[in-house]
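Heads up: the sequence lines are chains A and B, in that order. Per my numbering, the first sequence starts with residue 1, numbered consecutively. Per my numbering, the second sequence starts with residue 1, numbered consecutively.
Derived from the structure by calculation, the hints contain no laboratory data. Treat the numbers as computed from the prediction; the structure is a model and nothing was measured. Warning: the hint list may mix true and false statements.
Intra- or inter-copy, both count: the list cannot distinguish identical chains.
[Said to hold, decoys possible] Pairs of lysine-lysine residues, derived as DSSO-like cross-links and limited to a Cα-Cα distance of at most 30 Å, are as follows:
hint: 1; residue 1: K804; residue 2: K209
hint: 2; residue 1: K598; residue 2: K382
hint: 3; residue 1: K804; residue 2: K832
hint: 4; residue 1: K69; residue 2: K836
hint: 5; residue 1: K598; residue 2: K804
hint: 6; residue 1: K339; residue 2: K548
hint: 7; residue 1: K350; residue 2: K598
hint: 8; residue 1: K69; residue 2: K171
hint: 9; residue 1: K350; residue 2: K645
hint: 10; residue 1: K382; residue 2: K339
hint: 11; residue 1: K59; residue 2: K549
2 protein chains.
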Amino acid sequence: MAGDGSDQRALQYEQTLMYGRYTQELGAYAKEEAARLRESGQRGGRPLDLLEYKGRCAKCRICTVRCQKFLISRVGEDWIFLILLGLLMALVSWMMDFCIAICLQAQKWMYGGLDSNVFLQYLAWVTYPVVLITFSAGFTQILAPQAVGSGIPEMKTILRGVVLKEYLTFKTLVAKVIGLTCALGSGMPLGKEGPFVHIASLCAALLSKFMSLFGGIYENESRNIEMLAAACAVGVGCCFAAPIGGVLFSIEVTSTFFAVRNYWRGFFAATFSAFIFRVLAVWNRDEETITALFKTRFRLDFPFDLQELPAFAVIGIASGFGGALFVYLNRLIVQFIRKQKAINRFLMKKRLLYPALVTLLISTLTFPPGFGQFMAGKLTQKESLVTLLDNRTWAKQGIAEEFDYIGHSQAWTHPQVNVFVTLVLFIVMKFWMSALATTIPVPCGAFMPVFVIGAAFGRLVGESMAAWFPDGINTDGTIYPIVPGGYAVVGAAALSGAVTHTVSTAVIVFELTGQISHILPVMIAVILANAVAQSLQPSLYDSIIRIKKLPYLPELGWGHHEKYNIRVEDIMVRDVRYITLNCCYRDLHNVLLTGHLKTLALVESADSMILLGSIERAQLQALLSLQLGRPRRLDFIRERAVGEKRRLSVASDTGSKDGGRRASLEVRFQISTEESTFSPVRPVSQKPLKPALKKPSVVEPPAEIPQIPDENSGIALKNLFCTSPEKEGLEKNNNVESPTSPELRKPSKRVRISVVDDVDVEDDMTIREIAEWEEQQLDEQVNFSNCKIDPAPFQLVERTSLHKTHTIFSLLGLDHAYVTSIGRLIGVVSLKELRKAIEGSVTVKGVKVRPPLASFRDSGTSSSENEATELHKLWDRHKSMSLPQDHAPSESDEKSQ
Amino acid sequence: MAGDGSDQRALQYEQTLMYGRYTQELGAYAKEEAARLRESGQRGGRPLDLLEYKGRCAKCRICTVRCQKFLISRVGEDWIFLILLGLLMALVSWMMDFCIAICLQAQKWMYGGLDSNVFLQYLAWVTYPVVLITFSAGFTQILAPQAVGSGIPEMKTILRGVVLKEYLTFKTLVAKVIGLTCALGSGMPLGKEGPFVHIASLCAALLSKFMSLFGGIYENESRNIEMLAAACAVGVGCCFAAPIGGVLFSIEVTSTFFAVRNYWRGFFAATFSAFIFRVLAVWNRDEETITALFKTRFRLDFPFDLQELPAFAVIGIASGFGGALFVYLNRLIVQFIRKQKAINRFLMKKRLLYPALVTLLISTLTFPPGFGQFMAGKLTQKESLVTLLDNRTWAKQGIAEEFDYIGHSQAWTHPQVNVFVTLVLFIVMKFWMSALATTIPVPCGAFMPVFVIGAAFGRLVGESMAAWFPDGINTDGTIYPIVPGGYAVVGAAALSGAVTHTVSTAVIVFELTGQISHILPVMIAVILANAVAQSLQPSLYDSIIRIKKLPYLPELGWGHHEKYNIRVEDIMVRDVRYITLNCCYRDLHNVLLTGHLKTLALVESADSMILLGSIERAQLQALLSLQLGRPRRLDFIRERAVGEKRRLSVASDTGSKDGGRRASLEVRFQISTEESTFSPVRPVSQKPLKPALKKPSVVEPPAEIPQIPDENSGIALKNLFCTSPEKEGLEKNNNVESPTSPELRKPSKRVRISVVDDVDVEDDMTIREIAEWEEQQLDEQVNFSNCKIDPAPFQLVERTSLHKTHTIFSLLGLDHAYVTSIGRLIGVVSLKELRKAIEGSVTVKGVKVRPPLASFRDSGTSSSENEATELHKLWDRHKSMSLPQDHAPSESDEKSQ
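Here chain A stands alone, though its shape is the one from the complex:
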């Protein structure tokens, strides 16, 4: 549970997937099974309770039990959970949309009612969003700061198997829902989609917890991860009423490797959710029947001409650059604010000032009678999108005067200014406004603003094309005028695809508009935009992951073939911290002192280096604190007292087996006392095993090793914990608990209760004596019997390529892997090294870990030789170790011939 160290936000995380927590899972399984066994027994395969109740109205009871079990087993089914989740999310989404619509209407009403006085109008226009955003920021800050931002980067990290604390709690849910509603209700260019992924995951996690009251399977961790993946799909699906696009988008955005067997979960839940979401609209009489959210009415028979494709390609490429610029701008703003210490300090003090200032700036610029008139400032985001996707052409013959539609589209027209200028201004202003607004610490996403900007850009290109070819391009007789709305669709998909690095925005636009006729232009533009954007910048979410320094493994860029040539041996840490099977506590102490890795390798011996498993740091600390703890010292004092008593009455034997044990213990301690001045203590260190093996039920400490060191943990131990990263927490423990309070000491006494009762002694040792005693203790050999060892840590070989290593790390959610050569531990690769290596070879800024030509290195001389060398080493070791008694005769044999 060590923190990352270099992390400012001090994210406490731990590894949860397959390998990292295997040992912990073992314990959980064991407990679970023991509990089951206790409950039900195993008489002939039938539960015990059925037989017990035979006496009185057995049948009735059996029936009840069966019904109950059946119901519980039904509740445990995945589809029940998914339906509940879908229903819940659809309701949340619809309610939120409803509230946001009311908020926006209220602003319009206020603004409209005050049209007599421009200044009052401005005040109303500006104050309303400032208040809402400030409230949202403050509320989130107070209730759950984890709710800030989109949440997709965090979900990506969580789905990789890292536990981010507090990100899936009820408090966060409340903060996110209310904060998001207020933020979107303010009319700022913010999105709903990212936070919805987070909200859906929150709902899934809480629902899962709730359901675990009924059934057992909700406690399974890998199932929870599966459900979280489905929840992400639901989030996007019910936000846009786009089930297919939602599933695909969530896969692209959150997963590295996707299990196809989870596919149906996402589809099922997202479809159900989208269905309910749209049905609510029908029931509310907003719609006549279930249709798309932003329905378009482009003609079906001739959607676009083949010769328009270059224009679509241009949209794609330009969107690619635009997307990369957006991500860069967003990161720049964040980093600027962080770096400017004066600003930063000021803003830190008044946390709500920054949101208020940004909102003030943006809402001032969009004030309709002011600058807003040149950029359709009075339209909400949704209205803008609807008008942009309109199937009518605005700029016939390039003359804005013919622009005479009623309704919202009017906002785009201006008596003095061309519609093209309006569009360009809209795009430019909204671009930086969105990039700025998404840095406000409120729950918000960037998808929708980017989508609208893309649509505006597409509309701009489309209108230009329509002005250029008023009668369409086709020359075959029939006139098919150009549809600028189609261009808007293409632009929206391309820009949002570029910012998020996804292809599935194409599917989202089809589902949003209800038309798939522009499939080829959209696909071409999206792919081109992705190609350009991916080669320039990370995706918005990856960028946030880097800014927040979340523990995530970056993707391998595409087309970088040197990845196949970098090998594990080039990036691994060769100086592995390890402990040997026959090490003494002093070694343990030293290892814990010097490094701060979460897990340590357990090898057979320092010579052989055969990897046997890995042990968590906490386990070792527990071992050490048990060895040097006060209870053991009290034991020792007791033993000494008994020994002295016995020396007084020399011939009298206590006779009991307890006495025998005590005698053997005494013997051991006397040896170690005599040899305590740093001699090689091999023969001694062998002995503690024996009693442990022979009388495990008496001498063995109980299975639960206390995780926190005892209050009197002694000098060496304090020394250790003061230098270890867990310093704060443990020191606090040491300070809070006074060394003499007997109540607090009880738990640690309980575990040795069978020994403590017989003789009562006082802790009369001096500091020097304690130090001496601890020195003795440290020279004893470690007894690993009660230590949880991960018996199969993941292993790589030196020549595994970086590409493969990345694949394995992503697939299995590894945190670290040992590099072995025919069983021998030679190195370790952790997420950090891998991240460094990948960023070195992928991003522009990173430092290359090795020159590109490093693959032309000396090791070209056939790998089989290398392996042979390793084998020879192994041979040597093997010979010297296992056959010392055979060695002499064989030599004499040779001589005798």
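On the provided structure of chain A, position chain B as indicated by the hints.
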């Protein structure tokens, strides 16, 4: 390379992904790097050749080299490959469609021209398909039997990492393309989509081979797998002009775990391919612009009423049952034909009779003037689909007389019979016909026939609804009549989804029809159909995988939670075949004799059982054949001759180091001669190492161990290979090569050439002497130095759950995994055990490997105890092994106290 054993078709496969072939890859890397080093050197990071050319017109040459390198590096880029693949597949698809259309037109023309005589008409109608199908079957049978069938099951297996021989060769491509064209041209109810996945993969594999002439990266295996996955998407994409659906369908059908980083590849290639495919149609003046393949024109404003949803749900559920029935029927037919030995024997003799008979039956029944008139027999598959997706209602008021449209739709009307009867007959007849036709041994898929049947079923429901509610259901004033075409779309997606167990058929229908307005009904129906079908039967492709006994791991069914409770220890094979590091050749021989696993575990010693790695069987056989081969025996004879010569001139020393080496060899052999009668030969077996360690360059055999045993491989070796599963191939080798032909012996001589030259001896040993010599050889210790060892085989622990094991096996494409407990090998799990366990718990027919209550077993007593026991064992071993010299003094110490 051992066959599966139980497999009738004797599929020779080997493991290729990550782990299985790691050692082989190592070799490949080594060679590659050596070649590179040879070419370019490493002087200061700049290629050597640049420096070499400095003398004469250096700049020019440098420029040329750079240009060449740049071009080659460009050719190596993924996107070039994907564009080429897309282009190629689009051309193939379009050409094939063109040919098929001509074939079908020819049949119609013949049938139409002979309308004077019904009998002649019948002959023409029947003969034409019979000839085409028979030709297709015969052609495929002769050229490449692997081209038979859909190819998706095989691709699924290949993408899992299993190499199926001959499935990706040029011959197969030719057979598949020509066979498929003929089969589809015959007008049988067969599909193009499955085979197209295979064709695209074939193209990708061949293109990859072709491109590897230019660049190096095409040799990378994991890259090839990625490209194959993209190719599958291209196959579906260019078959239906459905890029998104194609990508999703190919993912669902072929993958278990999908790497999201490959996503763009599929999209890119499939989009490009679909684009070219449709552009070709435009250029050919078939279409005005790029539109959907089966464009529909349903109304956009009110696509369906909310109250119609139950009808859509009914279609979904019924399609689910129908899909399961189709898969069952298809399997039943295959198994029936296989089981009926008389039929089977007859059909085996006349391989072309079965296709001809089936075709005759089907075409007779569809003969338009005959029974065909009641089932729209004269329509081709494509025409049927176009008419079924028509947006007009056929059965107004339920009266067939109003059915008065021109064109193909007329085929559905009949003077005497209601349109409902026609539809029902069509569905029933086509259902069994399709199930039967797909068993014909020609290249063919089942997707399209099923799609058409589904559309017909949907149309039937839609027409019924239209007849029931002539004015639509909506009561809000406006009359929106029911659109039966929409039902047809829903039905098509649902039934094809049920048969293939995919959700992405929904996307495919949107792309095929160019309309997404029915998204919710389609999604609901598809999900319901999947739910029903998946709980009844495996998918069509999994069914074929089972029938063909392909080495594939079945999916875990959903909702079976006992998977979390079955552990590896319940299914693993405890009796692991292993070899120890210090074993002698006799042990090797025995192990190879008894088992027939592809790889064997290498452990440190039989006591410790510490797993060091795994060795392929072939490697061990090579080791053994090298030890017992003729060259070594000749060496021995030579040594003996030299030894005798030396004994004659006792004091004369040859002096050279070569002589010294020979002397040491002689000594070794004399020892083994003396001790050859089955004594424990430990001391002797230690010795061969020494010379190998000291003079590796002289004594070590060359790195390339011959894979095939020598012609004179000796008695023990023959004995071995006669009992091993590779019997046939190797025996053939033994028989073909006459033992005395010197030309054939040359290659094996070459490898020992440095030794052979000095003394010329004759092979004058008798059989008895050879047997004796071999006995001696078998007692020597194995020298693993030149054996390729996989140093990190995959390891599991006993308590890994079945669910997790399945995940890991699927993720990493494993073939087997060793079960270890703190480094000690305790079992092995192979694909077979896993398959058994999963099928036992998932399918109805399978045998449960353990009772469902097995998780309530006795081991409930905390896992840490188990671990502790293991550790104690390890301790014991450790003590007895590594500290024998320490033991005595420590004991005396104890006594002295």
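Each hint tested on the structure:
1. K804 to K209: between (36 Å within a copy, 22 Å between copies)
2. K598 to K382: Neither, since 48 Å and 63 Å both go past 30 Å.
3. K804 to K832: Both, since 16 Å and 26 Å are each at most 30 Å.
4. K69 to K836: Between copies only: 29 Å across, 51 Å inside.
5. K598 to K804: both (24 Å within a copy, 24 Å between copies)
6. K339 to K548: Result: close within a single copy only, 14 Å intra versus 65 Å inter.
7. K350 to K598: This pair counts as neither: shortest intra-copy Cα distance 37 Å, inter-copy 69 Å.
8. K69 to K171: Cα proximity of K69 and K171: none, with 33 Å in one copy and 59 Å across.
9. K350 to K645: neither (69 Å within a copy, 101 Å between copies)
10. K382 to K339: Classified as neither; 35 Å inside a copy, 65 Å across copies.
11. K59 to K549: neither (61 Å within a copy, 48 Å between copies)
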